[in-house]
Structure formats: structure tokens, C-alpha cells
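**Q** Knowing the structure of chain A, use the given hints to seat chains B, C and D on it.
Residue numbers (my numbering), protein chains in the order written: chain A, 43 to 262; chain B, 11 to 672; chain C, 220 to 703; chain D, 2 to 314.
Treat the hints with care, as some may be off.
What the hints assert, rightly or not - Simulated crosslink set (DSSO-like; lysine-lysine; CA at most 30 Å straight-line): (1) C:K580 - B:K625; (2) D:K49 - D:K29; (3) D:K3 - D:K268; (4) B:K594 - B:K554; (5) B:K554 - D:K53; (6) B:K41 - C:K664; (7) D:K285 - B:K583; (8) B:K598 - B:K583; (9) D:K49 - B:K554; (10) C:K580 - A:K256; (11) A:K52 - C:K398; (12) D:K3 - B:K594; (13) B:K583 - B:K625; (14) D:K29 - D:K285; (15) D:K313 - D:K268; (16) C:K664 - C:K580; (17) A:K256 - A:K131; (18) D:K268 - D:K29; (19) D:K285 - D:K268; (20) D:K3 - D:K29; (21) B:K625 - B:K598; (22) B:K583 - B:K594; (23) B:K437 - D:K313.
The hints are simulated quantities; they were obtained by calculation from the structure and are not laboratory data.
Each chain, letter by letter, is given below.
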Amino acid sequence: MGLVEIATGKVLSSFSVFLFLTILLLVVARRISTSVLLFSVQSAIIAAEVFATGFRERLAEAYVVGALILVIKVVAIPRAFFSLVHHLKTSHDVNASTTPTQSVFIAATMIYLAYAAVHSYGQSVHVPEDALAAAVALILTGAFLMVSRNKALMQMLGLLVLENGIFLAALTTTFGMPLVIEIGVFFDILIGLLLMGIFTFRIRDTFDHLDVSKLRRLRG
Amino acid sequence: MPLAPIELGFVFLLAALGFFVPLLLIASQAKRARSLAIALVIGGNLIGCFVAALCFWRESNPLLDLSRFTPFPFALGIDRLSALFLLLICTVAVPVAIFAASYFDNHYGEHRRNWMWAFFSLFLLSMIVVVTASTGFAFLVGWELMTLISAGLILMEGDSAERCHNVFIYLLMMHAGAAAVAASFFLFLPYSHGLGFAAIRTASAGVPAGIRTLIFLLAFVGFGTKAGIIPLHLWLPRAHPIAPSPVSALMSSVMLKTAVYGFVRFAFDFLGGGPSWSGYIVLLAGAVSGLLGVLYAIAEHDLKRLLAYHSVENIGIIYLGLGTSLVFLAHHQPVLAALALIAALLHTFNHALFKSLLFLGAGAISNATQTVDLEELGGLQRRMPVTGATFLIACCSIVGLPLFNGFISEWLTFRSFLAGSILTNTKAQIVLPLMVGVLALIGGLAAACFVKVFGVAFLGRSRSAEAEHAVEVPVSMQGGMIMLAAACLLIGTLPGILLHPLASLAQVLIPGGGVPEETLIIARVIPWIAAIILGVSMTGALLKRRERMVRTWACGLPGLTSRMQYTSTGFSKPIRFVFSSVYKPDRKIDRLPADQPYFPVSITYRSVRTTSYEKTIYRPFVEMILSAAHQLRRMQTGNIQVYLLYIFVTLVSLLAFLRFQK
Amino acid sequence: MILLMPLLIALLGAFGVLGFRNPRVATRAALLIGGLEITSLVVIVWQVHERGALQVGRYLRVDGLSSFFLINIAFISGLVLVYASGYLRHIGERRFSSPRWFYALVFLFLFTMISVCLSANLGLLWIMMEGTTLASALLVGFYNTEGAVEAGWKYLMVCTVGIAFALFGTIVLYLAAVKAGMNPVAALDWVSLMDAAPRMGFDPHLVKLAFVFVIVGYGTKIGFVPMHSWLPDAHAEAPTPISALLSAVLLNCAMYAVMRYDAIVSRAAGPVFPHTLLLIFGVMSMVVAGLLILVQRNLKRLMAYSSVEHMGIIAIGLGLGGPLGLFGALLHTFNHSVAKSLLFFSAGNVRHNFGTLRMDKISGMARTMPQTSAALVVGGLAIVGLPPFSLFTSEFAILSGAFTQAHYFVATVFLITLSVVFGGFAYHFLRLLTGEPSRTPVSSKLIPSEYSVMGIAALCLIIFGTRIPHLFSVLVQEAMAVLR
Amino acid sequence: MKVAINVLQALALILGAPLVRGVVARFKAFLQRRQGASIWRPYSDLAKLFRKEDLVPPTASGVFRVVPFVLFGTTICVAAFVPLVQPSALLASGGDFFLFVYLLAMGRFFLSLGGFDGGSAFGGMGASREALVSSLAEAPFLLSLVAVAILASHADIAGMVAWTLQQNIFNISAVHILAFTSLAMVVIAETGRMPVDNPTTHLELTMIHEGMVLEYSGPSLAWIEWASAVKLHAMLALLVALFVPWGMASSVSVGAIGLALLLYCAKATLLMVLLAVIESGMAKLRMYLVPDFLGVASAVSALAVIFTTLVKR
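If we strip away everything but chain A, and leave its shape as in the complex, we get:
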């Protein structure tokens, strides 16, 4: 039993805890940059998990996927975000519509719910429960962020977190999908972010604010 195996085992057994940690931090984060940082950390954890799984399952393509995550989600996207924040010259506040305390409570409940859900579906999916629970929790958190943070950027971030969750779920349940598909998905995410970036600029130019909760001209 080499060192690597041990490391792998550690990662696989403990990463969900770290993920929950990031979740809790994400929901209390006040500044966009903090949240972005947390996101990249989160992605890094997931990447580690991908490598670990790939190593354990002897999946060559897992390494590719992990590398993609590292490149795109850990490095590229956060950078893009920072430059976006920089160019938009907007305040760094996430304008949360919930106080940190409420957020934490909600996050906690979501984690609990995630466990409950996984437990109820768990028996049909024979996978480590807390891994799946983390995935579901990420999905819920992403949803929560999108609903409760009025900054356009934070919605994008929430979407990313949600995407992370889905990816993690895929990983834990099926050890990833065929490589082509994975790449395609990444590609889509990138394009999507690009477009959203364009739109944030347009919103800023037309409304000179980034508060999506104020975009309410079209209704009824």
C-alpha cells in the first residue's frame, strides 16, 4: 500500500467535508471576489477527487477531465470573473437578500435535506452516500445563491456551483460520462459564461447597475 493509495483514500473519504465547508463559507461571503475564490477552491477539491477516482478506477480519461477542471474551473473562470469585476467597475458587494445568519441556517438545512434525499434514493444508487450528498448540497446551494443574490455576477457563480454539483453527482455515480460529452459540456459552460459576461456588460451599459432584482420591466 503506497503513499499515493493512502492519499487517494484520504481524499475520497474526506473531500465531502471540505465541500460542505466551502458551501457554508460561500453562503456567508459578502464580497464577490471571496465567493469566486471559494468557487475555485471548491473546483480544486473536485478536481482532486476526479484524479483520485481516476487513479483508483484506473480510468485514463479521468485524468483528462481532471486536467480540464483544473484549467477551466480552477484557473480560467475565476480569472475571467476577476477581470469582469474589474472592468465592470461595480461594487464588490454581492447584495444578498438574506442575512448571513439566515444563509447559514438555510445552508445547513440544505445539507441536511441533501443527506435525507440521498438516503431515500441511496439504496437504488450504490455509491458513497456523503459524496452524493455533497453533490446534491452543491446543487441546492447553487440554486440558493441564484435566488438570493441580486448581483448578476453572483447568479453566474451560483449557476457554476450548481453545475459543479451536477458534475460531482455524475462523477460519484457513474465515474463520468464518455469523454467527448464531458468536453462538450465544458465547452458549453465556457460559451455560456462568455455570453453572460457580454450580457453583464450590456446590463451595466443600459441600466448602469447589475442588480437583477431590479430588471422588472417585462412582467405579466
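**A** What follows is chains B, C and D alone, placed relative to chain A:
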């Protein structure tokens, strides 16, 4: 397939109305083209009359199956029932078309006239499709088109705001009714595979009782909406008056009848009668529509609205007959059921004749005086003798005086009520004979109403300059009215010509229904009475010596003026007073100047009916729907976060559903 | 190889058009490319009809169902391109919003939608479905006005989130397939999935889970209530040709995806569950949209909601299943596209002539713009499902299906909603067309590019209403055969 | 032979009609302690009118001129319905009471039109009031006859009479009493007698029938007056035939016919006395009380119909 002459004629009728005429009119604006088109319409309908007559007497059922071309089975067939209504449509269409030939010329410019004619012929086509359809699909297609095209004809007359509102109400109620009709067709589907009438007929025996009831009720409501039974009549007095007179003639004399056709098709042909309560429902609807219809009519002084309300009344009389027939069927009295059915169908036919004549008369009046407000008319008889005479005949017919066709059908209805006394069931024994009283009251009030109409419009002194200088309408209009009047008199004096065929039809619809002897009796006795009355009048006229014109002594005043005559409002005052509980009138009297009430310069009086089905029944319902819509509109907040929340909530609830469904 | 043709044409065309700075030239080029595109699609459809399904590699495949939707795409995109060639004369050269950008994006959009229909792999299907969102988002925000930007943002966000769930659903199905012992490489090829579906039956729960996520995800794109929120905004704010494309093609593509999953899940876990979900969503969409139609003030929003309603009708047809329901649903996708694009085209003329879509500001159109009014009337009568127009036929079929299977509740709601919708349309259109003309149009006459497409659409509505061409019905049958 | 008698009794009914008026007038005079005119007076009135010339208002149209003949014609037909001395009549076979009532309605319809055509205020007023009375009178009229017809299970008047003949005079049912009451009330309303209408007045406040015929004169008026006389007589004869037919000739022999005729005269005279008593005993009702009067009649007739269900078994 080789076509027998009957099929050929039928195909020609359809092709002419549906294809050649519109094409011709849209293709060219030339006068010759139009007259050719009109000739086609008239000729096609004449052929249609022959086709229908042949199908009726030779009982050959031509079937025109177009299913190969259409997405769903679409076949037109003429069995006895269809033949009767086809005959009705074509018989009315010919004179109306002849009338319209010059009416449209007088009222519309070159361009619009062509469209009018095109829609006119399409309207006829749609109604023919309805009554000859032998699959549900064909029926529904015709049914919807009928509404649409008539609405188009109304809108062509003009597009003022309240006209559009009326059209809107018309369209909406018709669509709801059509939905009910469609449902009553579809309900057969699980049992009869396909909507062919034959299949439905065979399958209907196997339909469970609950579904049968549902079908009956849906058909009753759906067709009742079209027929305009109270309280589903809301659209009728709105839509009929605003259409061009020939069109309103078609609408209330033919289009309403398609509803009767549909109801007979369902209640008798498909379902073969039902439990007795269904008969009582129909009776009740008939009684209410008849009484209230005639009462509302009396209160009107806009001639066309008045006539529209009388359509409601006559539909009520028809439904009385149908209901009686259903009751008899429920108590296994086929012969009596046949009697009542014959009465209803005959009245359907008669009403088509005299109501179209009345509407044509109204058209002639508006053509001569530019108004149909009774208070503006008067003394037209001397200026428009032909119009007056034909209109008088129509009045006598609708009132149901002997020697006119309306009487025959009402008499048969009376007799079928009377026959109710021989049933063993006490309820029927009491209800049916008492209906005699109801129908008598309806008849009496109708008589009063038409004394008013004819007396105020055609007799006495003219109440306005227009009426003073009215001139008789052109020949073709007269021709149309004369033809209809002749038909009324013919059926009124020699009812046999329609009664015997109707009896044979009744035997088709009601198995075991022999020929009721009443039909023979009336056919025998009426001619005698006609002879006596004619003889007396003739001898009297011969004995008559010279007469002298003398101005009536005006109690010392310079002379009588038209202001001294009874107005339509004044005439109906006593009846409105007696039935004030029906109208709940809101009276208003203004004296000018107000400070000296005893020496007024002018007194204006108006009295409006405050009872309104719109307010009491329809408005709340619509309000409810609209408020729901506004609630939903509020849900569409415009906040993207709320939208996202909707998605998440949906997902979670579905997951929960899945979880607990496991 | 032929399968690659339309994709290549669209892709190259997208970049090629960008080369032409002169709007007129760009338009010509676009029409040319569109023509090639359509011909290639028609050829594909014909070959499928002749020889049955075509497969290229693992990822591209065309069978009866997809070729049926390809016809839809070809027809509507043809109409839209021609209409756009006249429509774009009002927009000037701005960054990202000039004819060439417009066409480039349109061809990208077409590329994604075609590849949705061509993809044989559910993963690829998902990717391309997301691609449609991305490609059309900029088109929705094309005018760059406040409304456009807002609508674009909402469209992008809502649909991306929804689609994300669809991805999860895809993954879960993949998991189920793998657990059912399929080769992971082929576990997303839906042909093999159809074959293996019965084997997945041993754990129906997972399959149902997948379907829940998929129907929420793609349902967002279809515009099922309550995920429809993006739809009216996008349709109302997008340039008219795009509104037509969105509601006449995009929604159908999403519906196509759901059909695929429905077929698989029905095989694996029995038809009851997916069909119940479809019926629920269908009824909800019909009722809510039908009610909302009553209280709309903007012409295009009105039509957008009517699209939601018709998607509900199609979903009901699917949910009923059976020959009648399926036939009706497929037929309705096509009929609705034609009618709706006709309506959107007329709405485009209204906006261009009156500068507004507020219905309370317009009246008496029948006098001022007879041709457009005629188009509106035809489209309106068709969309509320009156004879002799084609939607009557398809709705008749679906209703017959509902009654034949004794789904009385659904049928009743269906009929009532139809009446409500009829009321809404009659009310609004009577207001628009009749009365005193409120304002004078810029040009009451239509230009050839406009009345030609409108005429074709109207003609198509009437023809399909009176008799369905034999070839077409055969194609529908083939499509149905795939889903069985 | 039978037919000949039918013709004769119809003629008797028509020609005897003025006499009925005269007799009633004479009885009233007696009751009011006047020494009234001779009972033959109506005949001489008619003769005088027939000799006079027709005066026609300028507004009058053809309708005005036709009305008297139509009215008279219909009334003659009505007369031909009623059995007098034998349980059959000229039009009795098939001509049922619905026809009877509607023929009366026809005459009334035309008379009202005639009133309108005069172009004066009174004609319209009379027509309007007549419309009210007749429209309300029709229902009880028919219903009371329906009640009798149900018992007799015959719709034609002759058949009803024949059935009543076979009954024992003493087991006459409640239905008959109710029917008779309502029918009598209807007869009063229909024939324009007190308390509904006053045949002798010409005050615009009260008159109905007189209002309509106000513009008529000479022969036209004569036809109308004669017609209304025939109507009155026919009604009385109907009451007699339906409710006290006993004594009608069952066989065609001179003796039987003669006896029947005498008996009829006696019954009719009794009815006339009754009429005279009512007319001189009661004050005329206000216009808007007439509906109540007829409402009572309707209720009674409806009761009669309902009772038939009890009586028949």
C-alpha cells in the same frame, strides 16, 4: 362512382354555393358576373329543393363520401330527417336570395356587395353541410363555419364598437355551445369506433346510462345555445337585429333550425329518447323560453329586436313539442310521440317560412323608411300594399290564426298536450294538459304583440316624414315576400301536403309510431273553414255598396294628428303593467320646465327593463375567470429570481411526488 | 455523409456571412445559404423516407422522427429567412446588431437546432440543446434596448439552469443504463437505449428520476408552466423573425427531445408515469396560458402565451399516447409552427407600421392595413382551432384520443380552455381590426417578401386543414413508428 | 238529414243571435225597473245600419274594409261548431274546441287591426285593452274546455256533448262545476259584458269593444254588431251544450227535434237571465282589476284540469 341524378343535383348545389359563386364574385367585379352568381345561388337552391323532395318521398339516401380526401371521415348523406331540413333551407333560401338581389344593390357599394354575396352563399353551404353531415367531423366543421360566416356577414354591415361587442358575445357563446356539441359527439367514441352517424346509432344502445345522460345534457345545452332557449338566448337579440335583413332572415329562420335538427338527431335518432325527466327538462325550457320570449318581445319597439325575441318564443314552442314527444317516448306511447314530434317539426318548418317573411318585411320597411323603430312608422299599408299584405299574412301565421300555417303546428301541439291525459302516469297527466294553458297564454300574448306590430307600423297615420313618403319596394323584393306568403297560406289551408310526409318521417325516427289520426282530421277540416270564410268575405264584398271618405270628428279640434294615435309603447302598457314582475321596469318621467309641473312644455317618458341575464348569470362568471387571470398575471412578477424559484420548487415537488409515489 | 451537409453549410454559412459588410449582399448570401441548407435537409428527409434511418459514426443519426422535425425546421427557416430579408431593412449597422451578425447568429442557431435533431446520442443532444440557448440568446437581445437586454438575460439564465437539470437527468439515465449492464460507450446512444430499455425495467425508479429531471429541464425550454417565465419576454423582445424561429422551431426541438426520453422511459418503466407527468404539465400549461391570454396587452406576448398553450396541447397529445394522441401531437407541432409564424410575421408588420405592439393603442387595422389584417384573421382563426384550418384537425385528433381513452377530465379542461382562448383572441383581434383607425400605418401595402411568405403559410394552413397530403401523413406515420 | 239539421241549427244560431241581445237587454231593463225596448229591437237596428252608407276615415286602408267580413266569417264558422238540438254540428267532426277558440281569436285579431286603422286615439286604446283581456282570457278558456274534454276523452265538441248526454245528471263531477265557473267568467270577458266591459257605454275611460268599432258605420258596423251577437249566442249555446245537454234529440224525428229546441230555448233563457242579473248587479271593474278576474278564472280552470286525474279513476 356513377352519380344518380339526385347525387348530381346535390353535388351541383354544393359546388355552386361553395365553389363557383364565391370564385366568380372574387374573380370579377362585373355586373354580369354578379347576376350570374345570383342566378347560380337561386338555381342551386331550387335544385336543392327538388333533391330534398325526391329524397323525402322516394326515401333514397344518397351518400357523398369524401373521406378519401379529408383527414377524418367526412361524408354528406340525406336521410329523411336531413331531407326535411335541406328542403327547409333551400325553400327559404330561394325567396330570400331573390329579395336580397335588390336589397344588397340598394344598400352596399360594388365591392362590398360581392363579398356579401360570396359569404351569403357560403353561409347557405355551411348550413347545408350541417344538416346533411353524416359524420361527426363533417357536422362540427359545418357547425363552426356556420357561426364564423354569419359573424363575418354581420361585421360586413359595419364595425361600430357595440356591434363588435355583440358579435363578440355571439361568437363566444357559439363557441362554447360548439364545445358542448363536440363533447356530446366525442362521448360516443369509446363505444362507437369512429364518429359516423351509422356507427353511433348502432353503438348508442351499448352506452351506459350515466354517459347517455351526459350526452343528452350536453347536446341539450350545446344546441340550446344555438337555438337560443332562455337563459342561453343572450346572443340572439343582439346578433339578429344587427345583421343585414336577408341575413337575419336566414339566421333566425334557418340557422336556429339547424340547432333543432341537431337536437332531434341526438335525442331521437342517436339516443332514441330517454328517461321521462329529460322530456320534462325540455318542456320546461320550452315553456320558459316561450313565455319570457313573447313578453320581452312585447316590450320592444325596435322591430328587428322584437322579431328576434319572437324567434326565442317560437323555439320555445318547438321545444314544447319535442319535450312532449320525449315524455311520450319515455312512457312507451310511440304514436303520440310521433304526433308531438310531427307538431314540433312542422312548427320548425312553418317558423322558418313566416319568420323569414317577417324579417324580409322588416328589411323592406327599413329600405323604404331607413328605420325599423315602430314609433317612427305608421300608415305604410296604403303606401306599400304588397309589403303590407305579405307582412299581415306573416303576422297571422306567427300568431297561429286558422288558415295560416302557424296554426296547424300549434294545433297539433295542443292536441299532443291533450293526449297526455291518457297516460297512466299522474305527473304526466297533470303537467301535459296544463301546458295547454301555457301555450294558450303564449299564443294570446303573441297575438297582442303582432296586433301592435302591424297596427302601429302599417295602419293609421304616419308618425314620421320618412314613413309619410315611403314608396313600395322594388319588384324582386316583393317577389321574394310574395313567394313566402304564398307558402304560408298553402300550408295553412292544405296542411296535408306536409303532414303526410312528416308522419312517414316520424315513423323513421320513432319505431312503432303509426300515423296519428289528428294529422288526418286537421287536414280534412281546415279547407272547409277556409271555404266558408272566403265565401262570406266574397259575398260581403259583392254586397258592399258605395262608401264615402269622411274625416273623423276630432272633438272640435282642427283635426286628428299622428301624435294622438296610440304608440307601440302605449299599446303594450297594460300588458307590461300586468307582468311588471317580469320586467321590473325602471320608469322615468321628465317634465319641462320643472318649476311648473302643471303647464309643462314637454313630457318625456321612458321605461326600461332592468331584468338582465347578462348581469345576473354571465357577468359574475366572466368576472371570476378574469380575476383568476389577473391573479396569474401577478405571479409573472418579472423578477428572475422568482422565476428560478418556480423551477426549483417544481423540481422538488416532483421529486417528492416520485418519492412518495414509490 | 449527406448528414454532415446541413451542419457544414450552416456552420460555414454562419462565418461566411460575417464577411459581407454590405447589408444587401449579406442578405442575398444568407438567402443563398438558406436555400442550400433547405435543399440538403429535404434530400436527407427524402433519403430517410426511401431507405429508412441513416447513421454516420456514433453521434449522427436520422430516422423518421428526426426527419419529421427536420421538415419543420426546413419549412419554417425558409419562411423566416425570406421574411427577414425584407424585415431587416429597418435596422442599421451597429456592433453585433447588423444584418450580417443577424444572419450569422441565425445560421448558428439553425446549426444547433438541426444538430439537435441529428444527434444520435443523448449527451450530444443535451450539448446542442444548450447550444440553441447560447446561439439564440444574443438574437433575443439583438435590439440592445432595455427590454431586449432584460429578456436576453432572463432567457439565458432561466434556460441554462433548466438545461442543467436536463443534464443531470441525462446522467441519471446513463447511470441506469450502465447499471443495466450496457456498454458505457453506447449507454447514451438512444437506439441502443431503446433496445436495452426493457432491461432497465428492473430498476424503474432510477429511470423515473431521470425523466423527472429531463422533463423539468427540457420543459423549461419547451415553456411548460411554471417554467415558461422566460418565454413571453424572449418572444416579445426578440426581432420578429427570431420570435417566429423560437416559437415555431426551438420549442418543437425541445419537445422532440422530450419525445425521445418519453419513448425510452415508457419502455423501461411503463408509460403510466411519464404520460401522467406530460398530462399534468400539458393541462397546467394550457389552462394557465389560456387564462393569461385574456389579460395580455402586448400583441407578441399574447402570441407567446398562445405558444405555451399549444405546447400544452402537444404535451397532452403525447401524454395520451395511442395512435390518435401521437398523430395529433406530431401533426400539431407542424401546424402550430406554421400558424404561429404567420401570426408573428403579421405582428412584425404591425410593429413596423405602428411602432408599437400595445393592443390598446391600435384599432381599425382592417381599414388601414387590409392585407396584414387578413393574415391576422387567418392566423387567429387557425390558432384558436377553427375549421377549415389545420389546427382544427390536429386538435380534433387529440380530443378524439382523449375521449377514446376516457380521459374525461383532460378532455373537459381541454374543451373549456379552447373556449377561453377563443374568447381571448376574439376579444383582442376584434379590438385591433375594427373601429375607428387609431393611427395611420407607415406603408399599408406589403412588400413581396412579406406577402409571399404569409400567403404560403396561410395556404399551407388551409390545405392541411382540408386534406393532409399523402406523403406528409406517411412521414408522420414513420415518425410514430419510431416512437412505438 | 242529419246534415240538414246541422245546417238548420247553425242558421238558427246565427239568425237568433240578435234576439238573444234583445232578450238580455229586456231582462236588464226589467231588473232596473225600466220598460225597455222590444226584444226584436236589434233586428231593426241591423236593418237600419245595412241601409245606411259606409263612412270611411281617410287614413283607412284595405284592412279597415276587410275586417267586418273576416270577423263575420270567422264567427259563422264558430257558430257552425256548436250543437244546439242534437249532439252534432256542421264542423263538429274534427273541428275541435281548439279550432273553436282560435277562430274567435282570429276575428278578434282582425277587429283590433280595424280599430288601429281608424287612425284615431280610441281605436288604438280599444285594441290595446282588448289585447290585454283576450290574451289573458285564452288560457282559462282552453283549460276549462280541456278539463271537460279529458273527462269525455273527446276533443271535438259534439263528442264531448254526446259523452255528457250519457252521464246521469246527478253524478256530475266537481270538474264540471269548476269548468263551468271558469268558462262562464271567460264568456263574460270574451263577449265584452259587465263587469269586464260595458256594451252600452261610449266613455273612453271604460270602453273596449266599442272603442275598436268606433270608426265603423253603416253596413260594416252592421256586420260587426251581428258578428258579436252571434259570438254571444254561440258562447251561451256552448255553455248549454257542454254542461246541460240533456234533452237533445238523440234520434232524427220532428218531435224529438222540436222538444230539444224548446228545451234549448228554456235553458238559454235561464242563462240570459243569469247574465242580466250579473250585469245589473255588478259594477264594471277597473281596467287593471280585469287581470285578477281572469286570473281567478285561470286558477279555477287549472284546478279543474288537475281534478280530472282524480275523477277519471
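**Q** List in ascending order the numbers of the hints, as given earlier, that are violated by the structure.
**A** 4, 12 and 20
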